[in-house]
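*Asks:* Please work from the sequences and hints to get the whole structure.
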Amino acid sequence: MSSYHLQPAPAASDVEKQQLQAELEQLQAELRKQELRIAIARKKRALEGGETRLEFYKGFRGDNSLGSRHCSITPDITQTSESQELTHDSPISHMVLNDTMICPREETVSALWKRIQRYHVVHVRATPGSGKSILPRLLQDYVRRKSPNMPVYWCSWPETTPEKIGHCYEKLLNEFQFDRLTPQTFRSFFTYAEYLDVVERVKAYELRFGQCFLPDSDVVEYVWQITNGHPSGVRVMLELLATSEKLRHLRKASSVIDLKVALDILGQDLIPTLVQNATFGRGLPPRDFLKRNLKVANVLQDVLLNGSVTGVWEPKQGRLHQTDGTVNACYHRGWVQAELAPTERDEDYDFEKTVFIFPSDLHKRCIEWFLSLEKPPYPTSQ
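Numbering (the numbering used here), first residue to last: 1 to 382.
It should be emphasised that the hints constitute simulated quantities derived from the structure, not laboratory data. Note that the structure is a prediction, hence the values are computed from the model and not measured. It cannot be assumed that every hint is accurate.
[To be verified] List time: in silico SDA-like cross-link candidates among lysine to any residue, alpha-carbon distance up to 25 Å:
| hint | residue 1 | residue 2 |
| --- | --- | --- |
| 1 | 252 | 211 |
| 2 | 203 | 273 |
| 3 | 295 | 306 |
| 4 | 291 | 263 |
| 5 | 203 | 152 |
| 6 | 295 | 267 |
| 7 | 295 | 329 |
| 8 | 252 | 275 |
| 9 | 203 | 249 |
| 10 | 364 | 310 |
| 11 | 114 | 149 |
| 12 | 295 | 211 |
| 13 | 246 | 271 |
| 14 | 203 | 228 |
| 15 | 114 | 196 |
| 16 | 291 | 340 |
| 17 | 353 | 310 |
| 18 | 33 | 23 |
| 19 | 146 | 110 |
| 20 | 364 | 272 |
| 21 | 353 | 329 |
| 22 | 33 | 18 |
| 23 | 353 | 340 |
| 24 | 295 | 307 |
| 25 | 295 | 275 |
| 26 | 295 | 281 |
| 27 | 33 | 196 |
| 28 | 260 | 244 |
| 29 | 246 | 277 |
[Claimed, not checked] Okay, the calculated beta carbon distance ranges per label pair:
| hint | residue 1 | residue 2 | range |
| --- | --- | --- | --- |
| 30 | 115 | 220 | 40 to 48 Å |
| 31 | 246 | 147 | 43 to 51 Å |
| 32 | 33 | 305 | 41 to 49 Å |
| 33 | 208 | 245 | 14 to 22 Å |
For each residue, glycine too, the CB sits at the ideal point set by N, CA and C.
*Replies:* Below, the structure written as structure tokens:
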């Protein structure tokens, strides 16, 4: 067990505080412009009708924070905020369409498109590495096939990121994002069908290099169970098995990789690979951060030992409530995710219980490793 020491952060100087305040006010102004623009678009649509267009916005995301993407259908208003860059195409859309390793996620994309058509604005929030950046590109392709005459625009924010103003942005975004949370109604992770599609794509990709990657059905099922369909977790595990030098002789001989062999490889290499992976690693708290923040470490240890911590969902207020600020911080940073539990109601309140859990068993194993709990770093059996 490691020894942790809580060290207070150094106080900001008066000059730094003035700079932070100025940057906060700038962000508040930009956010007000954005809300106003959406409100104007809705009014204009109601009064005038006319041509509509699909718009994508990238939400604020600091280091290790819960990311967001924002999709909307609006009338074709050509004027945009000075702080935004408006383009007709996604910077990586062609990569998505041409990359054979990318799953088209038809089921998820069609569900998202139906919600956008119904509500006009959909705000997608999910843990880091869950495919939020790719999903809008897939939606763009889907919409262009279904509605070829609908313009698609991408609005980007300047590179000045919220982490430069410390934790002030959490208060700012609370008014715009966090108080309007609703329970998950479509899956941001892979569905099982999408996961199987990814497995087949990895097989086809490796075959191009003369490598016959043949995981047996137990391996395929095991990867699904431990990743919970988390896109970057799935990708890391499959690529580790498909490229491991220790399994090259099996791939060359077109031999099936059974679960025992796969677990031997994953047990040795998986956790360090996950922690160092640029995409998956964004969903994990830095190990040195946990050593400096005992409250966060204690919350994550509670989730490890008890399986979850409890919050309350209040539908009438449209918010997720958790009295523990540290649990909220872990949730907003994407280190835990919220799921609805069976409904509980009483005479005074209309609410549903929620539980905060790890996004997948892979995240759980990494946190165990970080906290140096006396447990095996990777499960060797179901």
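*Asks:* Work down the list of hints and note, for each, if the structure agrees.
*Replies:* Comparing the hints with the structure gives:
In summary, the hint linking residue 252 to residue 211 is supported, as the alpha carbons are separated by about 6 Å, within the 25 Å threshold. Using a Cα cut-off of 25 Å, the hinted pair residue 203 and residue 273 holds, with the two alpha carbons roughly 21 Å apart. Note on residue 295 and residue 306: the hinted pairing holds, with a Cα-Cα distance of about 16 Å set against a maximum of 25 Å. Between residue 291 and residue 263 the alpha-carbon distance is near 30 Å, which puts this suggested pair outside the 25 Å criterion.
A C-alpha spacing of about 33 Å is found between residue 203 and residue 152, which places the hinted pair above 25 Å, so the restraint is violated. With a C-alpha separation of about 30 Å, the suggested pair residue 295 and residue 267 falls outside the 25 Å cut-off, and the hint is violated. For the given pair, residue 295 sits about 10 Å from residue 329 by alpha-carbon distance, which is consistent with the 25 Å threshold. Proposed proximity of residue 252 and residue 275 is contradicted: the alpha carbons are some 29 Å apart, above 25 Å.
A threshold of 25 Å between alpha carbons decides the hint, and for residue 203 with residue 249 the separation of about 16 Å falls inside it, so the pair holds. The straight-line distance between the Cα atoms of residue 364 and residue 310 is roughly 17 Å, inside the 25 Å bound, and the hint therefore holds. In summary, the hint linking residue 114 to residue 149 is supported, as the alpha carbons are separated by about 18 Å, within the 25 Å threshold. Using a Cα cut-off of 25 Å, the hinted pair residue 295 and residue 211 is violated, with the two alpha carbons roughly 47 Å apart.
About 17 Å separates the Cα atoms of residue 246 and residue 271, which keeps this hinted pair within 25 Å; it holds. A C-alpha spacing of about 20 Å is found between residue 203 and residue 228, which places the hinted pair at or below 25 Å, so the restraint holds. For the given pair, residue 114 sits about 24 Å from residue 196 by alpha-carbon distance, which is consistent with the 25 Å threshold. At roughly 31 Å between alpha-carbon atoms, residue 291 and residue 340 are farther apart than 25 Å, so this suggested pair is violated.
Taking the CA atoms of residue 353 and residue 310, the gap is near 7 Å; set against the 25 Å cutoff, the hint holds. A threshold of 25 Å between alpha carbons decides the hint, and for residue 33 with residue 23 the separation of about 15 Å falls inside it, so the pair holds. About 10 Å separates the Cα atoms of residue 146 and residue 110, which keeps this hinted pair within 25 Å; it holds. Note on residue 364 and residue 272: the hinted pairing holds, with a Cα-Cα distance of about 14 Å set against a maximum of 25 Å.
Taken as a hint, the residue 353 and residue 329 pair is honoured in the structure, with Cα atoms around 19 Å apart against an allowance of 25 Å. For the proposed pair residue 33 and residue 18, the alpha carbon gap of about 23 Å is at most 25 Å, so the pair holds. Taken as a hint, the residue 353 and residue 340 pair is honoured in the structure, with Cα atoms around 6 Å apart against an allowance of 25 Å. With a C-alpha separation of about 17 Å, the suggested pairing of residue 295 with residue 307 holds against the 25 Å cut-off.
Between residue 295 and residue 275 the CA atoms are separated by roughly 22 Å; this keeps the pair inside 25 Å, and the hint holds. For the proposed pair residue 295 and residue 281, the alpha carbon gap of about 21 Å is at most 25 Å, so the pair holds. Restraint check for residue 33 and residue 196: not satisfied, since their Cα atoms lie roughly 43 Å apart, outside the 25 Å limit. With a CA separation close to 15 Å, the supplied pair residue 260 and residue 244 stays within the 25 Å bound.
Our distance criterion of 25 Å between C-alpha atoms is met by residue 246 and residue 277, whose separation comes to about 20 Å. Distance hint for residue 115 and residue 220: a CB-CB separation of about 30 Å, inconsistent with the stated range 40 to 48 Å. For the pair residue 246 and residue 147, the supplied restraint of 43 to 51 Å holds, since their beta-carbon distance comes to about 49 Å. Between residue 33 and residue 305 the Cβ separation comes to about 46 Å, which falls inside the hinted range of 41 to 49 Å.
Hint check: residue 208 to residue 245, Cβ distance near 18 Å, so the stated range 14 to 22 Å holds.
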